[in-house]
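Protein chains: 4
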Amino acid sequence: MSSCYGQVFRVSTWGESHGVGVGVVIDGCPSLVGLTQEMIQHELDRRRPGQSEIVTPRSESDTAEILSGVLDGKTLGTPIAISIRNKDHRSSAYDEMARTYRPSHADFTYDVKYGIRAWAGGGRASARETIGRVAAGAVAKAVLQQAIPGIEITAWVDKIHKVQAQVSWDDAKADIIESNIVRTADTSVVEPMIAAIKEAREAGNSLGGIVKCVVRGCPAGLGDPVFDKLDATLAHAMMSIPATKAFAVGSGFEATNMTGLEHNDPFYMDGETVRTVTNHSGGIQGGISNGEDILMTIGFKPTATLMIDQQTVSSDGKDARLKGKGRHDACVLPRAVPIVEAMAWLCLCDHYLRQCGQRVF
Amino acid sequence: MSSCYGQVFRVSTWGESHGVGVGVVIDGCPSLVGLTQEMIQHELDRRRPGQSEIVTPRSESDTAEILSGVLDGKTLGTPIAISIRNKDHRSSAYDEMARTYRPSHADFTYDVKYGIRAWAGGGRASARETIGRVAAGAVAKAVLQQAIPGIEITAWVDKIHKVQAQVSWDDAKADIIESNIVRTADTSVVEPMIAAIKEAREAGNSLGGIVKCVVRGCPAGLGDPVFDKLDATLAHAMMSIPATKAFAVGSGFEATNMTGLEHNDPFYMDGETVRTVTNHSGGIQGGISNGEDILMTIGFKPTATLMIDQQTVSSDGKDARLKGKGRHDACVLPRAVPIVEAMAWLCLCDHYLRQCGQRVF
Amino acid sequence: MSSCYGQVFRVSTWGESHGVGVGVVIDGCPSLVGLTQEMIQHELDRRRPGQSEIVTPRSESDTAEILSGVLDGKTLGTPIAISIRNKDHRSSAYDEMARTYRPSHADFTYDVKYGIRAWAGGGRASARETIGRVAAGAVAKAVLQQAIPGIEITAWVDKIHKVQAQVSWDDAKADIIESNIVRTADTSVVEPMIAAIKEAREAGNSLGGIVKCVVRGCPAGLGDPVFDKLDATLAHAMMSIPATKAFAVGSGFEATNMTGLEHNDPFYMDGETVRTVTNHSGGIQGGISNGEDILMTIGFKPTATLMIDQQTVSSDGKDARLKGKGRHDACVLPRAVPIVEAMAWLCLCDHYLRQCGQRVF
Amino acid sequence: MSSCYGQVFRVSTWGESHGVGVGVVIDGCPSLVGLTQEMIQHELDRRRPGQSEIVTPRSESDTAEILSGVLDGKTLGTPIAISIRNKDHRSSAYDEMARTYRPSHADFTYDVKYGIRAWAGGGRASARETIGRVAAGAVAKAVLQQAIPGIEITAWVDKIHKVQAQVSWDDAKADIIESNIVRTADTSVVEPMIAAIKEAREAGNSLGGIVKCVVRGCPAGLGDPVFDKLDATLAHAMMSIPATKAFAVGSGFEATNMTGLEHNDPFYMDGETVRTVTNHSGGIQGGISNGEDILMTIGFKPTATLMIDQQTVSSDGKDARLKGKGRHDACVLPRAVPIVEAMAWLCLCDHYLRQCGQRVF
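Residue numbers (this note's numbering), protein chains in the order written: chain V, 1 to 361; chain D, 1 to 361; chain C, 1 to 361; chain E, 1 to 361.
If you are wondering where the hints come from, they were derived from the structure by calculation, not from laboratory data.
It is possible that some hints are incorrect.
[Said to hold, decoys possible] Each computed SDA-like pair below joins lysine to any residue, with the alpha-carbon atoms no more than 25 Å apart:
| no. | chain 1 | residue 1 | chain 2 | residue 2 |
| --- | --- | --- | --- | --- |
| 1 | E | K323 | C | E272 |
| 2 | C | K318 | E | S59 |
| 3 | C | K74 | V | G115 |
| 4 | E | K323 | C | M258 |
| 5 | V | K87 | C | L71 |
| 6 | V | K325 | D | S315 |
| 7 | E | K325 | C | R275 |
| 8 | D | K74 | E | V112 |
| 9 | C | K323 | E | N257 |
| 10 | E | K198 | C | K323 |
| 11 | E | K323 | C | G271 |
| 12 | E | K323 | E | D111 |
| 13 | C | K318 | E | K325 |
| 14 | C | K74 | V | R99 |
| 15 | D | K87 | E | T36 |
| 16 | C | K325 | E | P266 |
| 17 | C | K198 | C | Q164 |
| 18 | D | K318 | V | D293 |
| 19 | C | K162 | E | T259 |
| 20 | V | K87 | V | D72 |
| 21 | D | K323 | V | A98 |
| 22 | C | K318 | E | R275 |
| 23 | D | K318 | V | N279 |
| 24 | E | K323 | C | P266 |
| 25 | V | K74 | E | R359 |
| 26 | E | K74 | D | R99 |
| 27 | V | K74 | C | D88 |
| 28 | E | K323 | C | R275 |
| 29 | D | K173 | D | I148 |
| 30 | V | K87 | C | G73 |
| 31 | D | K318 | V | G115 |
| 32 | V | K323 | D | N279 |
| 33 | C | K318 | E | V112 |
| 34 | E | K74 | V | A220 |
| 35 | D | K198 | V | L261 |
Chain V with its partners taken away, still in its complex shape (with noise of 0.2 Å):
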């Protein structure tokens, strides 16, 4: 269970779905970084469970608690702990889950895995686990925004389904995605996006999409190669997330329809900086940023729990039949959008830390 991420900027994360809580402490924070509840809790409102009517109804505040590392709205370079307390626990709703693997659920692989789960609500393999990120993501956040003034990472719903956003990379704005509860950038989806996921919902079933992240802003020199290129190390961020299967940078799978001299992003002078016509490299060269946009994109199968009756197997060793119970989530595109920036955020923070030791003279 590594539970663990970055290198410098150390995020240690924890908690069950029906447990005590969850939260995360995190270890080589600078110091002197401005930060507040506020900030933290922020982020997590907008990953927050029944923020609206197409997201899972579980009723949690998510109130985020600093418990160190902070003083006076300062960093103090000491370990930040930030928990949040679970409230709404319905333990009986998943009973059955205790004896009946849920199909492409992670009930299976953990119990061959570590020979025992918290079976209720999906233990440490539900989404909940992403609130850790979340909160170090919003104090990853704090720190580059402190560093790096003008740095912006802003990602959205891209697809849902069949449903596909016609949007560019510039002009995809935080404003116009906040201000619908897909979190889509194209406002003429986002009615047929909710329509979908509603009837999706209606018939026990789930949809998956894609979500689009680009980071503006982000100076040159950025990603450590050879193993931990940016977007090597952006791509095992992203797949982290619950529930994706895939992550292209800039051009992605496009790339492979394009001759070199078609993909290749010319240079340019622009004034002082050097700039590229194109930006099919998505932002990142050799493993480094180069001071364009980073483009990301993130494919997300559709969520695993069903009303719908499907063939499995008991934890015994049993053909079985489960339909789920409990709370449905026939969508999580809308609250994957913050996890996606989260991540974003603590890579490029890491990465700041590593290049603070790496270039010194």
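Since the structure of chain V is already known, use the hints to place chains D, C and E on it.
Okay, now just chains D, C and E, sitting in the frame of chain V:
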């Protein structure tokens, strides 16, 4: 520069394209693993330049020398150092690279990050860097194949530019793949792929494509949620290979077009073994292997080096033109196959050894 | 601030003296370890302030709450979070510390390093930090005692200022040590040690001393040469405890007075077991445990907090005088005993789990 | 086998005594550090066998070859690989070691841990392993001396068996130390020390002693509490050197004989600089450097190799006798001096680079 990979099976690679050589040190390899120079050389020969008419003509034998950690064909448990000397340095062919940034190469970003770069042949950003990965991957393969009888990793070129192989995950066979110089699993596309590469080379252009990789015989239980999910770390491993732009596990981006009911993999009992009817999960659920084949898809952009005049800038900040000189590798896909396999071995070996300390009781 | 310890059994502690609380998150603990709140509380109670007339009177119950990672008395393999709330904050007693550096405390160095510090009660540099270690150590103890029947770690106060216990490594017994408030293994020095502490306290002065620690029943084979030799990592662990100034394994500095012939430990066969006649090596040879008792000696300086007027400087760079206020702990040795044991458990547990991935064949 | 050291300045050493060679790879070295082969060779020559009449006669030139990471006398920021070939293998002299465990050597423990060992010359447990440390230490020294003008690390032999140097920390000078083959800072004990070593050698016996090490010019603020206190990591570094048995910082065990009032170091203002009147702290307070000289004392046992008949056991579990053959190093202290310095440079360099990412604002 993080040229280190792995937490328990720790790999540290080194070397510039036109320096003395390249190599790797492996710390944390178990003792008593059968290992010979031939096992390493076999993999290096698959990666070697000049092995066929469609790859770069750089003349290198890439002969591995084991410097430590092995006695009488068995690993000692001590660090295994492997060194490969460079031979064919044609630095003069690269003089222009000292002063002009090649588009979509790492010249500019290395300069920004480090304030210096070994410009000849791309230095550390050269594909020669991957020799250390392949050598280390051969050691990881030896460990895993001794620990897990029957485990196999097979990669192949599934697409070059517009030429797409037609082969199922199950039908991709190593002997067919190694029998053709493109390393595709579908013999019917060998000639079209070769023709496409030759055409691009004659035009001074380049092509990308897709490599697929399947892990067969991997036991259930590998992978460390939360952050080090097996798919997340595989994504990290693959996206650290030069020229990669996208990664998918199992259904990948295609998952977004399916509903939960379509995508979920029903469980069934195959004797004593829990199996799944379908494998959209790609052998990984909740970040942990479930015993099914692990399915990966990796997208490579067309190589950046072209023999065509391109717009760029000089290292002293002036607009410039550049036409590639020196050797030209119009398509790296055939040689990427052993590199993809090596990264998969490295990733899985590390997870296997981590699991030894996780599941003690 | 590296509040992280361990490579496989990874501990991350947090908390300031006068903040909300202190605690720890443990990642990498094996699953299926029997673990209860009582096992943790038992060790915390041995470290607790106010437990006897010779330790600091701060009134804290130091009650541990397990927040995650344990289900029905068994570890889940997921992160174990443990939190202990602070209660007795008397910040006002420490006001002067905000402006004046206490001699031989960490006030000045924290200010230089971080540019900010939680001055109340010493903040992160307070001995309350060690609560997280002791809680984590209790978990490590549970792991190791389940994995290695018969392993025991026993520490005791061997010297306080000029009062020296007379007891051999073999004769130090846990029941005797715990039967007296000084935690010495030689009952004849209990009264002189108590008298010395009381005398120092009345003078507003303080005393240091020596803690010895023996690991009995440790199997041969633990410890990772080259850099992570068992003795090197034990030295690291012990010297990270506040107020330590010296560490010795086996013969320690006394080894320098012996010749090789006197110092070498001859081997002999004890049935099937390789044993040594003497144990100058202190149970470790070449950085690896040899199955003999592991013998450690740790030197603690007298605590820096005095109730005596001292020369110092203010945080704004002026010469100043300071007389300690607030609580006074004239000798930390009795409470250091469980901390030393905790660090030994943490160090050995990490080595044990590392060895699981090292000796596979 | 953890042959890795450091978190940011990451060193990975390799090599067996009678293998092809020994060496090191350094990842995380900043770019633009002035570095030449001569800087490395200079330190290796101080460690080299056969340099004087009182050290082991093994004939090795120990010539360092820089394989990567340096261009035109500047570091590239890429991994620096350094290799040193072995020359003088006299494996036949060690045949008996294959079957018989040398007392107080690592033969037995390596066999238990790994189930295999390179018995010739001690394999990885040979002192030749320290060559990699010294080479890496030379690089760390280059980094730190470029970053912190005036920083110096000086070690010397302070005691050999019963012969004790009389020199204060302040009076130990590098030129005097290097002017005598014992490497002591007190010229009056050079002859007695040499005589003691010669006498032991003639008897086939061996001697240990004490090395002291002072870091001058280290800025305040280095060291990472809680677990990676500067003194804790220095203890780790020094105790990882073969044959060490004890470590002390500042007052060391002597601190236990002092009261708090005697031990505390009063602060005073020296112009703008905060200084301490005394330095019992040894330059480190709360695990962080305070700008005073860092004072370390390291105890070495007498070397285990003797030319005297000793009781032992064979590797197949029978009582046996062993009389050392081959080369005999009656006292390693003179050659330990550059190794102690190298470990201090490595430890401080890592802390310096870590601090770059800690104190950003």
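Each hint, compared with the structure:
1. E:K323 <-> C:E272: 24 Å, holds
2. C:K318 <-> E:S59: Answer violated: K318 (chain C) to S59 (chain E) is near 59 Å, above 25 Å.
3. C:K74 <-> V:G115: With a Cα-Cα distance of about 11 Å, the restraint between K74 (chain C) and G115 (chain V) holds, given a limit of 25 Å.
4. E:K323 <-> C:M258: Roughly 19 Å separates the two Cα atoms, so the pair holds.
5. V:K87 <-> C:L71: Satisfied, since the Cα-Cα distance of roughly 18 Å is no more than 25 Å.
6. V:K325 <-> D:S315: 62 Å, violated
7. E:K325 <-> C:R275: 24 Å, holds
8. D:K74 <-> E:V112: 16 Å, holds
9. C:K323 <-> E:N257: Holds, at about 23 Å.
10. E:K198 <-> C:K323: Violated - the C-alpha atoms of K323 (chain C) and K198 (chain E) are around 56 Å apart, more than 25 Å.
11. E:K323 <-> C:G271: Given that 25 Å is the threshold and the Cα spacing comes to 24 Å, the pair holds.
12. E:K323 <-> E:D111: Roughly 20 Å between the alpha carbons, so the hint for K323 (chain E) and D111 (chain E) holds.
13. C:K318 <-> E:K325: 65 Å, violated
14. C:K74 <-> V:R99: 18 Å, holds
15. D:K87 <-> E:T36: 23 Å, holds
16. C:K325 <-> E:P266: Judged against 25 Å, a Cα distance of about 17 Å means the pair holds.
17. C:K198 <-> C:Q164: 17 Å, holds
18. D:K318 <-> V:D293: 22 Å, holds
19. C:K162 <-> E:T259: It holds: about 10 Å lies between the C-alpha atoms, which stays within 25 Å.
20. V:K87 <-> V:D72: 29 Å, violated
21. D:K323 <-> V:A98: 65 Å, violated
22. C:K318 <-> E:R275: 12 Å, holds
23. D:K318 <-> V:N279: 20 Å, holds
24. E:K323 <-> C:P266: Given that 25 Å is the threshold and the Cα spacing comes to 12 Å, the pair holds.
25. V:K74 <-> E:R359: 13 Å, holds
26. E:K74 <-> D:R99: Between K74 (chain E) and R99 (chain D) the Cα gap is close to 18 Å, so the pair holds against 25 Å.
27. V:K74 <-> C:D88: 24 Å, holds
28. E:K323 <-> C:R275: 19 Å, holds
29. D:K173 <-> D:I148: 20 Å, holds
30. V:K87 <-> C:G73: Answer holds: K87 (chain V) to G73 (chain C) is near 22 Å, not above 25 Å.
31. D:K318 <-> V:G115: 63 Å, violated
32. V:K323 <-> D:N279: The given pair, whose Cα atoms are some 20 Å apart, holds under the 25 Å limit.
33. C:K318 <-> E:V112: The given pair, whose Cα atoms are some 60 Å apart, is violated under the 25 Å limit.
34. E:K74 <-> V:A220: 22 Å, holds
35. D:K198 <-> V:L261: This hinted pair holds, its Cα atoms lying about 16 Å apart.
Violated hints, listed in ascending order, are 2, 6, 10, 13, 20, 21, 31 and 33; each of the other numbered hints is respected by the structure.
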